[in-house]
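Visitor: Listed below are the residues making up each chain.
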Amino acid sequence: MPDPTPMEIPMTQVACTVNGEAFTRDVPVDSPLLEFLRDVLGLTGTKGACLEGECGSCTVLVDGETINSCLMLAAQANNRSITTIEGLASGAELDVIQDSFVATGAAQCGYCTPGLIMSARALLNDRPDISETELLTALEGNICRCTGYASIIEAVKRAHRESQSS
Amino acid sequence: MIQQVTTTESDKAQDAPIAPPDHLVGKSCRRIDGKEKVTGTALYGADLFPNSAELFASVVRSQHAHANITAIDTTKALEVAGVLGVYTHADVGGTNIHGLIRRDHPALASKRVRYLGDAIAVVVAKTERAAKLGRDRVEVSYEPLPVIATMEQAIADGACKLYPEGNVMGDKRIRKGDVELALANSHVVVTDTFFTQTVDHAFLDIEAGTGHWDGQVLTLYVAGQWVHEERRLIALALGLPVEQIRIIQPVTGGAFGGREDISIQIYLGLAALKHQGKTIALRYTRSESMRARHKRHALKIESTFGAKADGTLTAARIVVHSDEGAYASTGIAVMRKAASHATGPYRVPNVEVDVYGVHTNNNPTGAMRGFGACQMAIAYEGMMDRIARALNMDREAFRRKNLIQSGDTVTTGQHVDPVSIGHCLSKAIAKFKERPYPGNDKLPDYMRRGWGMSAICFGLGYGDGFPDCSRARVEMNDDGTATVYTGGVEVGQGLLNTMMQIAGEDLGLPMEHMRIVAADTELTDESGSSSATRQTYFTGNAVRMAASELREQVLDIAGIKLKVHPHEITLQQGWAFETAKPDNRVSIQQICTEGLTRGYSLKATALFKPRTITEVPQTGQSPRAFITYLFGAHVSQVLVNMETGEVKVERHIAAHDVGKAVNPQSVEGQIVGGVAQGLGMALMEEVTYKDGRIMNPGLTDYIIPTIKDLPPVEAIIVEHDDPGGPFGAHGVGEPPLIGAVPAILSAIYDATGKAPCELPMNPERTWRLINDVRENDPLSKVF
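Residue numbers (the working numbering), protein chains in the order written: chain A, 6 to 171; chain B, 267 to 1049.
Isolated chain B, as found in the complex (with noise of 0.2 Å):
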């Protein structure tokens, strides 16, 4: 009998060679968010406002660096027309306290205030203006305590205590050898003090968002970097059950640290508890974000470094004060990793550090892309330019001589293996004498070329013990793609594009055929922060494990279906087939068909949650402090104008191992961009302050790099495969900053001839470096 066969559109499908092999990791996979940003249609905080807001917040701010808070008026605020509400701590709940790693920033506060970011009352109106009408008649008595402007004003004699226990908020040391005997010893002894700055983190998406409490849930969209931990403190602040708040993601402008700290979800949270079945609005300006917002932390290094005279490192003794603010945030994590990165990728046998963190009445210092690492190289790598040079060493050849090799040991005893911090360096190096350097024969009299490197590591994840882990789902769908469910959160650096390619490469599917959800609390598990340049690692990992096990399921399935070993099978392109006979194969989609009726769950969750182990308090040493370390290196080229003080680089060069770039495109973006930050910190950036007030809270004063500031950063991705990461990956975000600043400093040290200390290097700072005229000199006040 013959039997007529009718050719459908779908088997035409099938007799379609499949696709050539099509790696996701390793590829630079368009990005998935990219047209709906370019498009303007990309839902940020702000832009939820014109369709959904009903009622408006403002947030009432302390107009005292320091005072004890007398009275609450709200009379005359509620007399405004539109003024629906105004809210106090005694409207709050639950314990009206936030603070990532010590619960000590009240979020409405109520009987003193500590900066001038303090928030004392929530206004909410039927519009912003109203509202903010009628924050300013809030009427708040104050009497004033003393205003810890300084680190030093707060650590002298009789100083105002900020808390009963007082201003040091706590101390790290690292204890390891024999300084002292050491350091007498030693050919050489080199002694200096940097003073680093406070910097904003000036994301451009302002804090914005909404808050809606329909009597059961109470649903907020607003950016932050670790959407379960936040769920959490809100929940604590307002007295609220967990399951009853559910956070989503908008798209987020950037975050760089700026956004691990509890910022808006409290006074939203607030206002709609209170105005149940109204969509609530809030957003800062620009000025309102740098004022409330938490910083990178200032910090004072005092550095002593000991040498033989064949330029073996011997010694270093380190002491640091951290520029803590007002409250904790996550200062004391910043202090352990400022500690543990104090000595950098260089082997010193013997080693002393002690970090003192100090409360002053500034804003809270807390999270920023480096996280006290970054502050901790532009020290070493300063000592070890000084030291270099006090030896009359090459400068590479002294580094060299010093850098750990593999299984050589950190600054915590930590012994490290594979180390490619040399590798790092011979490629920056070696992509600087690509072009021949131009020198200073060319160059009038005032000016000055010089050119620098550095070489750093990094520790990655929170270290020293910390949980951390990542959860993630994976699961196949009806038409055969394949979606992934993580609580990590897309701040601009990539995610989720690094999460789709990670599993869509174990699933054998192409790009179109993945899906993400991400940083949804009701739909998604937790997977810790965006921080700690953690998430390709930690999250990866996790992405990674779900998506083996949903492959071990399909590939069972299709066993059954091809009638072979599941180890003679290929998924390739949305496509089961048996290795040595393509034609036998059969679809990703019938799978999942077949699959369903077999039983398979074709869903798969991991859990990834490596074992760090919590450094020994008296010597700060462990023999895994952090899960992997990461290195890079990289070399600057600057022109100095000696007259005016003017710095322009003129190439940058950045190389860093990643272990394997899973998209090499967000890689070389986070490198870039980590430069660029870098550069705006070695050069222009700084939050001044004046009795705890900052007098540039805007980007007219607080200075960020444009387009005509950086030079075209050459990118170098180094691959040394990472046995513990997904595909050997392990992460980027950060380093890129760290290794930055310290070249350009390095290389107007060459440059001028004089070793710089304070940040930023501004026009000012460096004619002042050249000129040897401290700005405590007499000679100062003529400017």
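Extracted from the complex, chain A is given alone in its bound form (with noise of 0.2 Å):
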């Protein structure tokens, strides 16, 4: 059975800053964070895998903290910071993160990698020391089908690293 389709949904709106940027606009009641980012805003960085939860493939940071932007809706968003993979980059200088994952072949066939990053990135804000535990526990919500993950890991050590010596 498809899931059954409601009819109509009402409308509510969302102000919100996203990467930095001010967004006003009316969004479905039901429609998740994700659809927002992508179908209204077209940030399509933020990717939707299995839509319920699972795979942190859709992990943006609200107000710094990860979320799965398929499980959040969008009207909850309201008078939130949101960051998604846009956001990290800044002009044509890569953040380290990203960086480190191009370096260490951490991005295969690439599709978990925003979410991946975004992870990795609420990790590093929050600890200048990080043990392996940490380190797998930040990232365990986030599925990666191509690398077996050692590049991965590989990639956030370094990007640790760098980011302790600069």
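Hints are not guaranteed to be accurate.
As the list claims (entries may be wrong) - A short, non-exhaustive set of chain B residues, derived as facing chain A with CB atoms under 8 Å:
#1 Tyr310
#2 Gly939
#3 Lys974
Unchecked claim - Chain B is nowhere near these chain A residues, computed Cβ spacing over 12 Å in every case:
#4 Thr22
#5 Asp31
#6 Glu70
#7 Ala127
#8 Arg132
#9 Ala143
#10 Ser168
#11 Ser171
For the record, the hints were derived by calculation from the structure and aren't laboratory data. C-beta: ideal position from N, C-alpha, C; glycine also.
Both chains are given apart, each in its own frame, so use the hints to dock them into the complex.
Guide: Following this line, the structure appears as structure tokens:
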């Protein structure tokens, strides 16, 4: 059975900041944040893969915390500040995590990559020192089907080292 | 007369010393698609929506796993506000049929549905929501037929037939020597039956894309694995000439065989043809993706092996039943590959193999990484452990006694040379022994540790005489850069870098001077599919041949400019210079300018089409069923909780002979990633059906490995020059998964003392194994 599709959906207004820019938009009340970011704002860097909160591909930062944007309603983002993958690089210069993901080959098909980078960003924002366990726990909500994770772990460790030394 | 000389920027560059040689083959060049992937600017199928979609499509699917369709009523769907059209089989202009080997799968079912993923209609609307509302209101009347849920039901007397010719899709056999006699004369005869499960590819990038018909050309942005073949199939189904279809592969988030069959292309094409000038978008949800798509074959493998008292294998008799699901997909090829890999890299003089493909009302089964060879490795490696134990021999020593050596034959009778399986096994075991094995001494009573190994082989390419070829084009550009054109599809494996590095190596160009255009049916020539571990070997060879031809042109022109014989010229870092006098040099850019004035094309195309020989149908024997063989060996160490049945992989070592690692980082990525998928298959992944309905169509219930399930995988790249491969390379895609599963099962056997024969070994199955409780035992009802 396909999921039943509701006929009439009331709209609601959302005012939020995305990557430092303020937006006010009308959205259907049942619209997830993921859909708002991708289909309304055109920020397609954030990916949907399981659409039920299992794979972490849609991870964004909401007021600095990692959120599965497929599970959070767009309406709940009202008055909040959101950072997506598009908000990390400054101009042509990559964020150190982004650069590390390329350097270690952590992006193969690349579909899980934006979500993983956001999870790693939150981890490195929080902690000057990270243990192996903290690293794995921070990333365990992000599924990657290609790499077997070794290059991802290496990328985050490299990014951590580089941000410590700079 | 003194001539005034002004020094320009380019003249300065002329004076700079030439950078030292930078061999692109063997170098972990950064992925050229890396930056767009880490910044979120890479455009996958679903990312084309927000900017370009004008209309949206949705697919009506069967409500029954097996039924006759008696009526399709679209009236109510057309009444939904925003719905512009509802299209059924009656609206399809061509054959309305697809299928990679047999054309047997209706794009839109007309009279009968054979699984729950069968599509019946396509709804087109102004919004995605309206399209889905319309989908829910299409009324289909059915006359239900008995659902064939299992292979046993399919072959039972009086079973309802999915097809007039019956439920057995086909068979494949191997006959070599006299198995009966050899088993009678064996010191031990060991028998067991293995059950492998249905597996989903679970690539993350759900099927999505766009279609547009301008009255002349139907343009589809849809990810597949073989754009040129997809174009042929779509053309037949929709009744368009091939030239009127253009497929452009968007950035693709994984495939693993799951994009080999046609997915959304025909639905999008049909919708676009009906709405000329509009861009139509279609995307699945995860559950629709899992319910519609083909799967990995579940196999029942009955194995009997005999051996002499000294451990020499004498004979193997293997009967395989394969759940083909509702349609043929690539099932026939999977059966062939299963048969031809039935005894793996072992010397078995007498072999009988019978593989039967059986239709059920489950999802069609087709390509997935390993393609039949993977399931057979579970059986033959399982048997090696069992026979070694029956003979009280060391597992490694027993394997070594029977592993093929260069010049020996595999299951199909093909002589293989070089054979590096012994070397791979030595490398993996040596790596394992670098660290002391902790054993069971410090563990609590309910925990047991064990380790195991696997040795596997893999025939590369389609094989069996199936036409297999790749084309490539390499062109010099005016600015001294070179562009590779290939129909090959990048799905994440690193094909783009591989092809650029191969061409760049031949042309002596740095990576920054290399360009690539891939997987666009308008701009590139056919390069076969990204499957069967074939792209590095096949397309790599075509690229190498084209680049070599171009290199000859460049050397000729350089010879004229430098006034030396072309053999005395080195190409390096964008320069051509006299090898003995590097100051006598000319840039590749100048060569391009010079070449054009002298009538050189500075373009080259190549076709790589090696010969394989079809197996004799009665015996399955062929002197060259596969173009080359790949080898790999794994060691796995596990910790088993004997009370809960949980298995944790503590260490995993994978050694693979890749011929030559063109990009070692990509090769390691394939090895470690393959092990991860193998771990998933060994311990957790299983598509479960109830009367043809998938019970776990989402990543909540279909469990795939997370970062915490994987140990640090130790990848070992073994390089034995493959004389037929580009720069000695052959490939690596599938073998790492094939080797991983049996090594983990071998370790569970070592830890528990019980031999696993069902997959996946999730906690419940492991607990049942430890406690000798089979699933059909009365005791199982307690749980």
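Visitor: What hint numbers does the structure not satisfy?
Guide: Of the numbered hints, just 9 does not hold.
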